[in-house]
Structures are given as C-alpha cells and as structure tokens.
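J.: What follows is the residue order along each chain.
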Amino acid sequence: MINSQIMSHPVLLQGNEAMVEGALAAGCRFFAGYPITPATEISEAMSIKLPALGGTFIQMEDEIASMGAIIGASLAGVKSMTATSGPGFSLMQENLGFAVIAEVPCVIVNVMRGGPSTGLPTHVSQGDVQQARWGTHGDHPIIVLSVSDTWECFALTVKAFNLSEEFRTPVIILSDEVVAHTREKIILPNPEELEIVDRLKPTMPPEWYIPYEDTPRGVPPMGIFGDGYRYHVTGLIHDVRGFPTERPDEIVPFMERLFRKINQHFAEIQMVEEYLTADAEVLVAAYGAVARSAKRAVDDARSRGVKAGLFKLITLWPFPRRVLEPHLRQVRAVLVPELNKGQIAREVKRINQGATRVETLSRIDGRLITPDEILARLLKL
Amino acid sequence: MAEVTKLIHKYLRHEKKFPHVWCPGCGNGIVLGALIRAIDRTGFTKDEIVLVSGIGCSGRLSVYVDFNTLHTTHGRALTFATGVKLANPKLQVIVVMGDGDATAIGGNHFIHAARRNLNLTAIIINNNIYGMTGGQYSPTTPYGAISATSLYGNLEHAFSIAELAVTAGAAWVGRSTVYHATHLDQLMEQAIVKRGFAVVEVISHCHTLYGRKNKLGGPVEMMEWQKQVAVKIEKARTMTPEELEGKITIGVLTDRDLPIYTQELRRVREAARVALGEKSSQ
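Just so you know, the protein sequences line up as chains A and B, in that order.
Numbers 0 to 380, taken from numbering that gives the first Met the number 0, label the letters of the first sequence in order.
Numbers 0 to 281, taken from numbering that gives the first Met the number 0, label the letters of the second sequence in order.
Bear in mind the hints are in silico, worked out from the structure with no lab data behind them.
Since we're looking at a predicted model, the values are computed, not measured.
Heads up, a few of these hints could be off.
[Unchecked claim] Restricting the straight-line Cα-Cα distance to at most 25 angstroms, the calculated cross-link-like pairs of lysine-lysine (DSS-like) are:
no.: 1; chain 1: B; residue 1: Lys45; chain 2: A; residue 2: Lys200
no.: 2; chain 1: B; residue 1: Lys246; chain 2: A; residue 2: Lys200
no.: 3; chain 1: B; residue 1: Lys15; chain 2: A; residue 2: Lys200
no.: 4; chain 1: A; residue 1: Lys184; chain 2: A; residue 2: Lys294
no.: 5; chain 1: A; residue 1: Lys306; chain 2: A; residue 2: Lys348
no.: 6; chain 1: A; residue 1: Lys340; chain 2: A; residue 2: Lys294
no.: 7; chain 1: B; residue 1: Lys212; chain 2: B; residue 2: Lys234
no.: 8; chain 1: A; residue 1: Lys379; chain 2: A; residue 2: Lys348
no.: 9; chain 1: A; residue 1: Lys294; chain 2: A; residue 2: Lys306
Bound conformation, chain A alone (with noise of 0.2 angstroms):
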C-alpha cells in the first residue's frame, strides 16, 4: 500500500506538500485545477499521487472550471479539492455560492499572495480574508480555516474535508506564500490514527427521500448521483425537494437552515489556540505565517518581564467570538499584527466594544512581519 508507507515515517515537506498528504489521508480523490502561483505544488503533486490511489486529476482550462469539476465530482460522491491563489480564488466565487446553495462538500485552498489584481505573484500576503467570508454573492454561512505551518497543512486539511463532509459546505482553507513555501520536518500519522468524517447518505427507500428536508443538525442526507437517489440539484433557491420556489414560506426555512447548520454547531467549527493567554496583560491575535512570529514576540516579552499571550485564530470564521470575547475583557491591549490593512483586526474591533485597546500592525509590501516589529508594540502597549 503506497499510503501506509508514506504515512509511517517523518517527512520533509513544504506547506503545499503536506496539503496534498493531507487531502489524500481525508479521502480525497478528486483534484481540478489551474497553474497559479504560489499554490502550483498542490497541483503538482496531486497530478503526481492521486492517480495511484486510483483517484483523478484533472487541469482544467481556468479556475471557475476547476471550481465547477469539483463540485460535479463531490456530487457523484467522491470528495474533491482544488488549490489557487487571488486572482483563481477570484473566479472561482460564483461556483463556491453554487456549493454553499446546493449544499455540497469540497474543499478550496487559496494561497495567497500579494493583490489585488495581479499584484505581488511570489510575495506573501493576508489580502484575501474578508473576500473568504463575503467573496461570493449573496447572504450565506462559510468555513474558513488558517493554517500557519507545515503540520497545520496536514492537520487542517484533514480537518477541513471532515467539516465539509459532516456540514455539506465548502470549507476554505487560507493558506499564505510563507506557510506554503517552507520546509518543515513533520511526523505524519498512520491513517487509522485519523478521524475521518464521511458525509451521511441517505438509507432509506428513494421514493421516501426528502433531500432538503431539515433535520435537528441541520444537515440533511446527501443522496450521490448513480445511488438510485434521483434528486434535482440547483443554484436557484429550493424547497425541500430540490425544485426552485420563490414562495417567502419555503424561502425563509431554507435560508435559516443553511445559516444554522452552521452557527448551532461553533463549538465544533471554530478552532484557536492559545499560548501563555492564562495571564497575559497585553494580547496578540494573529494567524497564518504571522502567528509565528508573533509567538516568538511574546516570548521574547516575557523575557523582558511583559505579560504578552498569543491568540492564535485557526478557524477565521466563523469568527471565534466567543472564545476571544473573555480576554478582551481581562488584557490591557490586544495587538492584531497581519498582512493586509486590518482585515482581522476590524472583526476584533467589532466585538470588542470598548472592553480594551485593540492596535493594529499592518505589513503590505509583500514581507512577512518579523517577530522584532510585533515585540517592539508589544513593549509599547
């Protein structure tokens, strides 16, 4: 077995590699994509791997095709993926709301680089967090994770299909140039060492299957295409038999269930990790490549006798507003040091409501903010 051998042994690999160990450890076995930087790895190596796992790769001719590949092969059961960077994240939008509308599993990493436009192609950035949220048109609920290290690429990709799966939507993952281009060591793990979550099917006869049909989870059955489930699957709005309806009382059901089978379940989706927050008097929320600079800074204040802690967001949103909520009430400051002009911050903003100070670092030029910039505001603050 090809996977049981590159499971069982340390590996050095890159963020886009261990993305591609981890989507295949999940299950994945349907890749499309477009040649972008700094996301092109992932392509590659699936265009390597996948086959022999007797899965499919596919380029295709743009990112809105590629979008629309993996939504068509999710629906014919088959869990699937695709990787870009802004300008491909761009196109793909109008198909990301077609998953979220239809309901379908998949998972969109976007590594992002320096924009907009064409902008910075080589060069690491934090630009796309507000497009992951609102990207696509429409009001709608959306997944997205940040991962800020080579075993994080792993993990969270993992964690990424498992939410998909158990959610029905499309999960981004944001990944950034710095993430996606290191090299770490990592152990990864055996596969029965995983949890893997499988979308719910549905067991009962076809002729009694409601494939909308709201349940206490919010999450109904997937029927797969070729499963004898014969379903109408549509972008327009649906009653609980799949068919369009502009009537407000099938309307109104439909949308709050697509919103709550989401927000009933943060506990599960939204995911941070703290480091030395127990006593922390100043704050640092950060994510992505930026978190890892920003540990360094706060330990680099507490050796200059500055109790700094570091609220590291995984899940971006949701956001994890309750989880941070408490600690804004009891530091003195939170610092929100990223790559963009304070996309996060503004969310932290937000919530805060004057409980304490929150100061933004910003970096736009295309680098990564240095542990030394952020313990520098640390021992200001």
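Based on these hints, arrange chain B on the given structure of chain A.
T.: Chain B in isolation, oriented as in the chain A frame:
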C-alpha cells in the same frame, strides 16, 4: 396507454413541476421530447442518466425530468459534467445548454470539453438570442439582426456552433432542427450512444423575442423557415458554396474514433502506481 403517455409517466416529473416556464410554441419542448425518446431507445436506466443544464430557458429543462438532474451556473454546465463523469464514468452524462450559455459565457469550457474528449453528450439549443433575459443578441444572432441590445442591427458575426465543435476536436457532431423532430430523435440517440464527446446543435426558434423583433412570424412561420433552409449534409456535399448560401446543413458533420479521456486515465493510473511503487521500494 399511448406511447407518448407512457413516456410522460416514465420520464417527466409530471406531478411536480408542470406547467413549465416556456412560451407556447417554444422549441424547447420538442427538444425535451426528442431527448426522452432517444434516452428511452438507448435503454439506459433513469439512475444511470445525469442531466446537467446551464442557465437560461434551456437550463430549466433539467428540472422536468426524472433523472439525476443538475442545474448549474451560467455557461459552466460542462465543467460540472466533467467532474461528475470523472468521478463516476459509469454514469451517462448529458448536458443541455443554450447558444449564449455554451458559446458566449461558456465558450471556453465548450472548446476545451471538445478537445478533452470525455464521453459526454452536449446538446445545444440554438435560438439565436438570449431568451430568458428578454432578447439580447447572442454569439449566434445573425449580423444585422435586431435584438433588445442591437436595436440598430447587430454588429457582430455569428458562430456556427456545430462547425466550431468539429474544429475544436469533438468526436461526434450532429445538427438538426426542431422542425425535423424525427431526425432529431435519431441524432440524439446516436450522440448518447457515441463513445466520446458528442455534440448535437439543435436549431430552434424564439418567436417571442427574436422572431417578433425581426418580423419573422410566429412558431409556425419560423419552423417553416427551418424546413426551407435545412439541407441534409449528404446533399450539401454535392452543392456549390453559392447554392449553400443561407442554408443550414443538418445531419452528422463528423464521427471519429478518438482516445477517450477516462480510458486514457486508466493508463495514467497504472503508470503512477508503477512509478510510485518503484520509488517506495528503493
């Protein structure tokens, strides 16, 4: 029961989704009928068929039939179909699109699907106009024609969809009209059975918008026109370019055996197994 009634009961979601959204006299119903008759003759079960559609009047076709149905985004139907087919090659995937859907917003996907040669069937209903949005000019609106966005005459030149498909590398390309309903049945059956990317261009009419704005009459007159301009491909091959001016050739434009993507993929999988197997044994 009459044959047609049997087909209605077998294939239409007749209790749920009717009446349909199309105008009285629209060609889409004829296309739907031809498609159902063709599928019935091929013997595929309803569970084996995935009917994928795009956006526009033609896009609504998928909701009426009792298959696995997928109503996608505008122009992207072939991309979704590509994913479905690759994920489960046993499924018989049929894609229905309109002229704007397939050759304007979806033009790139169309030529690449033709080049890639998955075993898909693409049916393109060409009514020379964007119907659902109110009659704006499309890539198949003739030069000089009047539309909601070309009130002074269309400045652009029309695509010939079937010829485009041939040039892009489709394995099988046919064209007929909604007037030639029996001929259309046969073409659709051949297209579905064909191994490889098969395209059927169906010349239809939009009397409500294109016909009215260009004073071409109602559905009867427009179908009369289809009858007059249609020339069987076999006859067309004996005619001069001058004689063919203003005519539409119908029939099978191309039928070639090309490597099928999913079969080729098996070879790639085997090569990958060997390559990675060798690596891990070193």
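J.: Are Lys212 of chain B and Lys234 of chain B close enough, with their CA atoms no more than 25 angstroms apart?
T.: The given pair, whose Cα atoms are some 33 angstroms apart, is violated under the 25 angstroms limit.
J.: Check whether the Cα positions of Lys184 of chain A and Lys294 of chain A lie no farther apart than 25 angstroms.
T.: 19 angstroms, holds
J.: Is Lys294 of chain A close enough to Lys306 of chain A, meaning Cα to Cα at most 25 angstroms?
T.: 13 angstroms, holds
J.: When you check the alpha-carbon spacing of Lys246 of chain B and Lys200 of chain A, does it fall within 25 angstroms?
T.: Roughly 52 angstroms separates the two Cα atoms, so the pair is violated.
J.: Compare the distance between the alpha carbons of Lys340 of chain A and Lys294 of chain A with 25 angstroms, and conclude whether the hinted pair is satisfied.
T.: It holds: about 21 angstroms lies between the C-alpha atoms, which stays within 25 angstroms.
J.: When you check the alpha-carbon spacing of Lys306 of chain A and Lys348 of chain A, does it fall within 25 angstroms?
T.: Measuring from Cα to Cα gives roughly 22 angstroms; hence the hint holds.
J.: Taking only the CA atoms, is the gap from Lys45 of chain B to Lys200 of chain A under or equal to 25 angstroms?
T.: 20 angstroms, holds
J.: Take the C-alpha atoms of Lys15 of chain B and Lys200 of chain A, compute the straight-line distance between them, and say whether it is at most 25 angstroms.
T.: Between Lys15 of chain B and Lys200 of chain A the Cα gap is close to 24 angstroms, so the pair holds against 25 angstroms.
J.: Starting from Lys379 of chain A, check that the Cα of Lys348 of chain A is at most 25 angstroms away, please.
T.: Given pair Lys379 of chain A, Lys348 of chain A holds - Cα atoms ~19 angstroms apart, limit 25 angstroms.
Violation of the numbered hints given earlier is confined to hints 2 and 7; the remaining hints are satisfied by the structure.
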